[in-house]
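Chains as they are written, first to last, in the numbering used here: chain A, 1 to 215; chain B, 1 to 263.
Each hint can be trusted.
Computed cross-link-like contacts, DSSO-like style, restricted to lysine-lysine with a CA-CA straight-line distance of at most 27 Å: (1) A:84 - B:33; (2) B:237 - B:256; (3) B:39 - A:148; (4) A:142 - B:34; (5) B:43 - A:148; (6) A:81 - B:43; (7) B:140 - B:186; (8) B:42 - A:142.
Below, a sample of chain A positions facing chain B; criterion: calculated Cβ distance under 10 Å: (9) 129; (10) 132; (11) 133; (12) 139; (13) 140; (14) 156; (15) 159; (16) 162; (17) 166; (18) 167; (19) 173; (20) 177; (21) 181.
Quick caveat, the hints were computed from the structure, so don't treat them as lab data.
All residues carry an ideal CB built from backbone N, CA and C; glycine is no exception.
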Amino acid sequence: MSLAIIMLFVSALCSVLVLIQYRALSDILKVFGIYFLISNCIEILALYLAENKISNLFLFHINTVIEFWFLVIFFYACDRKYGKPFPLIPVLLQGLIIIVANSIFVQKIDMFNSYSATLVNLVLLIFSFRFFFVTMDVDVTKELKIVKLIVSCLLLVFGTSLIVLLFSNAMLSISTTYQLYIWDFRGILILSTKVIFGLTFAKLLFESRSKTLQL
Amino acid sequence: MKDQELMLTIMFGVIIMLVVIVITIWFFNQGQKKIIAIKLQKKENELAFQKTLLINTVKTQETERDRISSELHDDIASKLNIIHLNIHLLKKKIKDDPEVEKLIDQIESSLKQSTERTRNLSHELMPQLLKKFGIHHALKEMANIINISQVVQLSIKSEHLIQLNDDFKLLHLYRIIQELLNNTLKYAKASIVEIVFELDNEFLVMTYRDNGIGFDPENLTSGLGIGNIKTRSELLKGVYSITSDKTKKGMLFYLKFPNNDQD
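Isolated chain A, as found in the complex (with noise of 0.2 Å):
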């Protein structure tokens, strides 16, 4: 089974958890939620046309967009209740407008945004950093446990991510083979997020089974 497909039918699986627990679930975690679940069917829909041999390069634009929107959204609600909130209108602006100039002028819309994918992945890191230290001094409660959670799953992929995407442009150069390698690399790393995130998610279930979940 290829790494594709396991990707494939743990996305799935992973939408599926948050598509039944989304109601139990407090603020923070259902903007999470949501994007886990918009992220999920980009990614299930980029690995078909790509089996398809289809472009899927203009998924990466949209990706980007909502990747940083969304987190930036749970980054400002985990503020909001865990330490003083950035201005977010102006940060979701300036973001947007750069990813876009990025695809309009720079990486056209056929071409990998390495550009704004780099920036956005700096900008979520710091952005992860900075709720590690925000909520350095608040009192430990479930659902902090499971935002940190989640939170140190993002570092790792942002973390890692970034690295391979300044590298991007000189990784073009060498065989496919290694770039396999690499993006297979990163593809694991991923997935075993993801995993991290189904468990969170099936434990929410069982818990709230028992009892009215109070996040």
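Place chain B on chain A using the hints.
The following block gives chain B in isolation, referenced to the frame of chain A:
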């Protein structure tokens, strides 16, 4: 070869990044644990301070009550008695003037009421029986007063209380019973109240039971004197529980505290 080198460089960069992130997360978690431990310690210190403050307040309150009670009983009540006696003598001497006699009667009546009120107040502040003859007699007297009303039948089995010889502890115990009885008479509509003291090794166990309408223990407020009972139970270094059920009726208060703990 160049391709492989570039791939290994990227992989190495990714692994370094992973290690850095894991260390950073660990650092933040450790930092958080330390901060929370400090916060917890601070909170515990504050609680301990508040508890000490509360204990000292109760002790000071009791000492002051005792002082005022003694003043009322030994000084003011005695002086009122002397005045009463003198007025009685005066009344005997003045027999000719009915108006003066009437006035003296009024003064005598007011004086009698004042003396009675002073005595009661002194007793409320610090039961003299408790002070002079111990809790056994004080409780017996309490039962007698309540049983006279024939609304509530109070029975007290306090033989084991002889084991307790700390005046402050006896006073706290007496106040707890006073508070519980007060609540029963005010709210419970009970006809029977039973107080039993039992020995359990080094501990004394008090059970207070009434057959009233009961209440929801979760809705208990400090207005019912629960705060007072809690503080005094803590002063006795005891553990307590209140069991009641609206449907089954009645209330059970359980208190277990060390028998002869000298502090």
